[in-house]
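Let chain A serve as the given structure and place chain B on it in line with the hints.
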Amino acid sequence: MDLSGANLQLDSFEELAIPLFDQLYNFAHWLTQNRDEAEDLVQETYVKALKGFPSFQLGTNFRAWIYRILRNTFLTSRKGLKVTMTVPLDFDGDEEGPEPAIEHDTPETILLTRSSHEALQSAIDELPVHFREILLLCEVEEMSYQEISETLSVPIGTVMSRLSRARRALRNQLLPHLRQGAGQRIARGTNHGV
Amino acid sequence: MVCESWKAQLDTYVDGEVPHEEMRTFDAHVRNCPSCSADALSRVQLKRAIQVAGKRFTPSAEFRKRMQQSIASRPRRSFRMGWMLAAAAAVVVVAGTLTSTHLGSRPARDQVFSEIADLHVATLASSSPVDVISTDRHTVKPWFQGKIPFAFNLPELQNSQFSLLGGRMTYLEQAPGAHLIYDVRKHHISVFIFQERSLPAGLSDSALQPGKLSFNMETWSRGGLRYFVISDASAADIDSLAKLFKAAS
Chain A
1 MDLSGANLQL
11 DSFEELAIPL
21 FDQLYNFAHW
31 LTQNRDEAED
41 LVQETYVKAL
51 KGFPSFQLGT
61 NFRAWIYRIL
71 RNTFLTSRKG
81 LKVTMTVPLD
91 FDGDEEGPEP
101 AIEHDTPETI
111 LLTRSSHEAL
121 QSAIDELPVH
131 FREILLLCEV
141 EEMSYQEISE
151 TLSVPIGTVM
161 SRLSRARRAL
171 RNQLLPHLRQ
181 GAGQRIARGT
191 NHGV
Chain B
1 MVCESWKAQL
11 DTYVDGEVPH
21 EEMRTFDAHV
31 RNCPSCSADA
41 LSRVQLKRAI
51 QVAGKRFTPS
61 AEFRKRMQQS
71 IASRPRRSFR
81 MGWMLAAAAA
91 VVVVAGTLTS
101 THLGSRPARD
111 QVFSEIADLH
121 VATLASSSPV
131 DVISTDRHTV
141 KPWFQGKIPF
151 AFNLPELQNS
161 QFSLLGGRMT
171 YLEQAPGAHL
181 IYDVRKHHIS
191 VFIFQERSLP
201 AGLSDSALQP
211 GKLSFNMETW
221 SRGGLRYFVI
231 SDASAADIDS
241 LAKLFKAAS
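Chains A and B supply the protein sequences, listed in that same order.
Numbering of the first sequence is given in my numbering, commencing with residue 1 and proceeding in unit increments.
Numbering of the second sequence is given in my numbering, commencing with residue 1 and proceeding in unit increments.
Hints may contain errors.
Result set (PhoX-like, lysine-lysine): computed pairs, CA atoms no more than 25 Å apart in a straight line [as the list claims (entries may be wrong)]: (1) B/Lys141 x B/Lys186; (2) A/Lys79 x B/Lys55; (3) A/Lys79 x A/Lys48; (4) B/Lys65 x A/Lys51; (5) B/Lys65 x A/Lys48; (6) B/Lys243 x B/Lys186; (7) B/Lys186 x B/Lys47.
With the C-beta cut set under 8 Å, the calculated list includes, among others, these residues of chain B facing chain A [to be verified]: (8) Lys55; (9) Arg56; (10) Phe57; (11) Thr58; (12) Phe63; (13) Met67; (14) Lys186.
The set of hints was computed from the structure by calculation and includes no laboratory data.
The C-beta atom is built at its ideal place from N, Cα and C for all residues, glycine as well.
Next up, chain A with everything else stripped away, as it sits in the complex (with noise of 0.2 Å):
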């Protein structure tokens, strides 16, 4: 890659676009599940958008501006066209009901104080990639409903579904492991308090 013979606005550029570097990378490795394929498209993202920096508007939002190319370009590579083929067409659709709520005699809170870091990493890995980017970008990216918006180019609406949807397939996803850690737990006799 060459990116020297850029004559653009270089410095603002680097200024907007190098704080994020650490954080871009996350999110590709996340989406690619793969670190060369991260790596490959850090760089694609930064090429893609060095070149579009002029028509960038100074003043709008850069980071999702730049997320949603690292994403657009994720989701026209051969692995983003294979993980989106999977996807269901309906998975946006209409709310199956409100909300249930939350059991409160399931484990969730004790794993999340007591244990496991790696199975919640290991939970959100096999998420579907639309609900497992909209989670990053909320919880880690901590990116408003309009900065979601803007760099899923989809509307407000559709983020608040899709992320409630991610969350609860992501409880699911949890449960097999609760259930499992519960019991490994009490035959160790060290459920205290549950």
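Chain B only, in chain A's frame:
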């Protein structure tokens, strides 16, 4: 089933996206409804856990270097130079910290500021950052009764950009204090309140950036209490919240 309409919006509520004018009503319901309250707590815990677990991958040194070299087009302000300067600055900070700690010559003031920054970061990384969850100051303030040896006032936030998330007890220099957490445009702001007499002397009132962590901080003393406001939010936001506190105390 009760509370269905509230529960349908709980995610929006814990995401801080409920319209401002509806927030008070929502708060009042969550405070008075054990089911929604517990549900909101679970959702907040899940959010915190995802936030921590989601920060999983870091670029390799080799990739970072390759990118630096690629983007570095002008020596004057190159990516590479920026990183080298950052690395050099980091080395200076780390070396300075180690040296001053080792020699015991670090001013007490810096040590307090550093501990405040540590408390702020450690709390936000926690899966349960607050022990009393409420956006209502009339709920949060009484919660501290009997837990800390002083009383304080919390500002009215109506028509401000800030929202109260909750509070917890904390300790600094082995003295108990109050830790309040506020939210402004997705940034969390910690407000710490301690008795002035329990802290080292020489903590002058100031707005500053406590060095290595790049947070903004403001501190002042009033009525025998020492206040610290710290966040990665802008200095202007910190100052606005500090002014609200000063007006309330």
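Verification of the supplied hints:
no., hint, verdict
1, B/Lys141 x B/Lys186, "holds, 23 Å"
2, A/Lys79 x B/Lys55, "holds, 22 Å"
3, A/Lys79 x A/Lys48, "holds, 19 Å"
4, B/Lys65 x A/Lys51, "holds, 21 Å"
5, B/Lys65 x A/Lys48, "holds, 19 Å"
6, B/Lys243 x B/Lys186, "holds, 20 Å"
7, B/Lys186 x B/Lys47, "holds, 13 Å"
8, Lys55, "holds, 6 Å"
9, Arg56, "holds, 6 Å"
10, Phe57, "holds, 4 Å"
11, Thr58, "holds, 6 Å"
12, Phe63, "holds, 5 Å"
13, Met67, "holds, 7 Å"
14, Lys186, "holds, 5 Å"
Violated hints are absent here; each numbered hint is respected by the structure.
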